[in-house]
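Enquirer: In order, the protein sequence lines correspond to chains A and B.
Numbered continuously in our numbering, the first sequence closes out at residue 413.
Numbered continuously in our numbering, the second sequence closes out at residue 299.
A couple of the hints might just be wrong.
In silico DSBU-like pairs for lysine-lysine, Cα to Cα no more than 30 angstroms straight-line [stated by the list, open to error]:
| hint | chain 1 | residue 1 | chain 2 | residue 2 |
| --- | --- | --- | --- | --- |
| 1 | B | K52 | A | K307 |
| 2 | A | K220 | B | K206 |
| 3 | B | K67 | A | K16 |
A few chain A residues that don't get close to chain B, going by computed Cβ distances all over 12 angstroms [what the hints assert, rightly or not]:
| hint | residue |
| --- | --- |
| 4 | V7 |
| 5 | G34 |
| 6 | K39 |
| 7 | H183 |
| 8 | I189 |
| 9 | V211 |
| 10 | S214 |
| 11 | S249 |
| 12 | Y253 |
| 13 | Y284 |
| 14 | L312 |
| 15 | I313 |
| 16 | T388 |
| 17 | F407 |
Treat the hints as calculated values from the structure; they're not laboratory data.
Predicted, not measured: the structure shown is a model, and the values here were computed from it.
Virtual Cβ for every residue (Gly too), placed ideally from N, Cα, C.
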Amino acid sequence: MIRLIRVELWKLLCKKHLWIILLALTVFWCYFIGYTQWKAIRTCPIRQDTKKYLADISGPLTQEKFENILFDYQLIQEGSLYTIDVTEIPLGDTGHFTINPFADWILMSSVKAHAEYIVNESKNRKIIIEQAQRNIERLHRENGSLFNIRENEKIVEMYQNAEELVLTQADNGWKFYFNENNHTILLLIFLLVLLTPVFAGEYESGAFSIVFSSKSGRDKTALAKLFSACIISIITASYFETVNYLCFSISYYMVNFSLPVRNIEAFSTSPFNFSIGQFVLIKYAFFTLYSVACGLLICFLSKFFSKSVPTLISGAVVLGSSYGISYYFTAPLYIVGEIPLELRNTGEAMQKWVFSFLVHPNVYFNQFAVINFANYPIFTYWIIIVTTVITCLFFGSLTFGLYTKNFTLRMLR
Amino acid sequence: MHLEINKVTKKYGSFTALSVFSATLESGIYGLLGPNGAGKSTLANIVCDTLKPTSGDILYNGVSTKKMGKEYRNLLGFAPQVSSYYKDFSTRYFLEYMGMLKEIGSKADIKKRVDEVVDILNLTDVEKKKIGKLSGGMKQRVGIAQAILNDPKILILDEPTAGLDPKERIRLRNILSKMSFDRITLIATHIVSDIEYIAGKVMLLKKGNLIEFGTLDEILSSINDKVFKITVPKNEVDEYSIKYKVVNVIGDGNMAELRIVSDSAPNAEKMVSVKPCLEDAYLFYFDELNISNKVDLHD
Numbered sequence: 001m002i003r004l005i006r007v008e009l010w011k012l013l014c015k016k017h018l019w020i021i022l023l024a025l026t027v028f029w030c031y032f033i034g035y036t037q038w039k040a041i042r043t044c045p046i047r048q049d050t051k052k053y054l055a056d057i058s059g060p061l062t063q064e065k066f067e068n069i070l071f072d073y074q075l076i077q078e079g080s081l082y083t084i085d086v087t088e089i090p091l092g093d094t095g096h097f098t099i100n101p102f103a104d105w106i107l108m109s110s111v112k113a114h115a116e117y118i119v120n121e122s123k124n125r126k127i128i129i130e131q132a133q134r135n136i137e138r139l140h141r142e143n144g145s146l147f148n149i150r151e152n153e154k155i156v157e158m159y160q161n162a163e164e165l166v167l168t169q170a171d172n173g174w175k176f177y178f179n180e181n182n183h184t185i186l187l188l189i190f191l192l193v194l195l196t197p198v199f200a201g202e203y204e205s206g207a208f209s210i211v212f213s214s215k216s217g218r219d220k221t222a223l224a225k226l227f228s229a230c231i232i233s234i235i236t237a238s239y240f241e242t243v244n245y246l247c248f249s250i251s252y253y254m255v256n257f258s259l260p261v262r263n264i265e266a267f268s269t270s271p272f273n274f275s276i277g278q279f280v281l282i283k284y285a286f287f288t289l290y291s292v293a294c295g296l297l298i299c300f301l302s303k304f305f306s307k308s309v310p311t312l313i314s315g316a317v318v319l320g321s322s323y324g325i326s327y328y329f330t331a332p333l334y335i336v337g338e339i340p341l342e343l344r345n346t347g348e349a350m351q352k353w354v355f356s357f358l359v360h361p362n363v364y365f366n367q368f369a370v371i372n373f374a375n376y377p378i379f380t381y382w383i384i385i386v387t388t389v390i391t392c393l394f395f396g397s398l399t400f401g402l403y404t405k406n407f408t409l410r411m412l413r
Numbered sequence: 001m002h003l004e005i006n007k008v009t010k011k012y013g014s015f016t017a018l019s020v021f022s023a024t025l026e027s028g029i030y031g032l033l034g035p036n037g038a039g040k041s042t043l044a045n046i047v048c049d050t051l052k053p054t055s056g057d058i059l060y061n062g063v064s065t066k067k068m069g070k071e072y073r074n075l076l077g078f079a080p081q082v083s084s085y086y087k088d089f090s091t092r093y094f095l096e097y098m099g100m101l102k103e104i105g106s107k108a109d110i111k112k113r114v115d116e117v118v119d120i121l122n123l124t125d126v127e128k129k130k131i132g133k134l135s136g137g138m139k140q141r142v143g144i145a146q147a148i149l150n151d152p153k154i155l156i157l158d159e160p161t162a163g164l165d166p167k168e169r170i171r172l173r174n175i176l177s178k179m180s181f182d183r184i185t186l187i188a189t190h191i192v193s194d195i196e197y198i199a200g201k202v203m204l205l206k207k208g209n210l211i212e213f214g215t216l217d218e219i220l221s222s223i224n225d226k227v228f229k230i231t232v233p234k235n236e237v238d239e240y241s242i243k244y245k246v247v248n249v250i251g252d253g254n255m256a257e258l259r260i261v262s263d264s265a266p267n268a269e270k271m272v273s274v275k276p277c278l279e280d281a282y283l284f285y286f287d288e289l290n291i292s293n294k295v296d297l298h299d
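Chain A with its partners taken away, still in its complex shape:
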């Protein structure tokens, strides 16, 4: 079986055009995310000032630091903190510089964000815990539902062990890294190109008939193909996730893996007490699982249509539209605008589920999204994992069945 998987991997990977596409996608992402950000940070005096400011305040939050930040913040509120009067920032990538009248805005907003974060962070957690405790008392008094009591108890338990607040100059890098998952598009493009021929290629070349007439070609080949698709999906996901991480880390020098993820602004109300490193692994794991599900879906389409072009088109439509819809409902308002009133409930629901995680991981992991499972609060990410695994098994077994029974679209006619 292992030898067959090796052959199937060879069949898929020994095509030159694949490596060219992979290289092109990598170069594009390195330029689009890595180089442009790196250049902007290195060449923009404002960003350098911001960086210096962040370096000054990084490390564990002391009383002195806290007061300094609040003092700066007050100056901003009064309009008297202007570190630089006139600053030049690069205009696009043309190399020309222009005078920016809003030069101090970036620095000021950075100070403001940190000050608000420090003030709100401790306040938010305190409020959440107090609210949950009040709820528990009320629910006991009114003989409320067991689930609601347990849900509030869980909230208290998860928010009580708040870690000491640490400020890091790499905040921005982690923030962007956890906030955007747009490299998913690269993954989908590459998986589509890579896995479309898994079954379709064999039907188009006519080679399927020699496989089918061999002693145990059908069962073993189907399994080998599906396993190799899974292996390729895992490797591809890990590759793009690593490229994405490197692109961000080149610009922002992202370290501090052991810090609690709650120290990042976007996770200030997260119920999870993960470290940044753990969250990176979680992101890798989810991305990989999603990639396997997508890979098996492409395998199914490849077998169902048994032709490359319909597989590519249908795959692009199904995967692209699901990502697009998820993006629309979970992206910040300044990107997609106001969601129409009638769709807001859908949007809110989606933010608590898998779509939210795939597009903006921080949105999902910054909320207490549970469901009632036999009166116990279960985090929806468990449902996401189980659903994704079931989806993988469903598409895997469906494809296996269609292939071994040699089902073709012609049979439907």
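Assemble chain B onto chain A, guided by the hints.
Expert: Frame of chain A, contents of chain B only:
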């Protein structure tokens, strides 16, 4: 050893590709002859278990092949019409892969068998070459090589000589003849010469129907007294080509000798009845007037 094809029908919607086909095959070479679209490949694919029939059954030694499953496929060797296979594989890698799929033994067994097959089909020079870079004839040989890899009891070859030059065709014919003992070999083709000299029995398939099945002599006897040679002036060749099924034309000065297949004797001065060959039978049954016979002999 016998393979019984029992009332097999294959329909695609309202189109019938194969209609109630029945035949019993025993050891030896069988030629399945018919024009393009006659249903030869459909039958070959059904026998090879790559296509399910709409109705009917195939029995091997009295046991349904559906029930035999893997056991039946273990007896099969199939070289399909299309021979593009895996372009990026080397010939040897491809054959070893097929050896794995056919489960012919351990890694060493597979290597040994591949060596033998490469030798039989004279593929030694190209065993390291990528299949995509092989000539049509070589690809065809590779296709046959993978088919005989498991020393099959039932060997099905679909258009095995497509793309081969005459020398290679003869060579392939000889190989098939040598291998035909103690196995059923079915050659589906529309090229008469592929089977004329080696097939023990011939099946004529037309629009999904089996119209003749018998030994070469039996089939040829059915068109005895229907093949004629006539000599006519050159300027009358076109007229005869329209009126009769002309097998070939040989020009000689102002005259031309025509070989004609016809139910009735043509009205010509120099007319002789000749012994039919399989090509005559093909033309007789498949009713395909060869337009190219309208040769302009005046040039």
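Enquirer: All the hints need checking, so say for each whether the structure fits it.
Expert: Hint by hint, here is what the structure shows:
no. : hint               : result
1   : B/K52 with A/K307  : holds, 20 angstroms
2   : A/K220 with B/K206 : violated, 37 angstroms
3   : B/K67 with A/K16   : violated, 43 angstroms
4   : V7                 : violated, 5 angstroms
5   : G34                : holds, 33 angstroms
6   : K39                : holds, 40 angstroms
7   : H183               : holds, 29 angstroms
8   : I189               : holds, 22 angstroms
9   : V211               : violated, 6 angstroms
10  : S214               : violated, 4 angstroms
11  : S249               : holds, 36 angstroms
12  : Y253               : holds, 42 angstroms
13  : Y284               : holds, 31 angstroms
14  : L312               : holds, 19 angstroms
15  : I313               : holds, 23 angstroms
16  : T388               : holds, 32 angstroms
17  : F407               : violated, 10 angstroms
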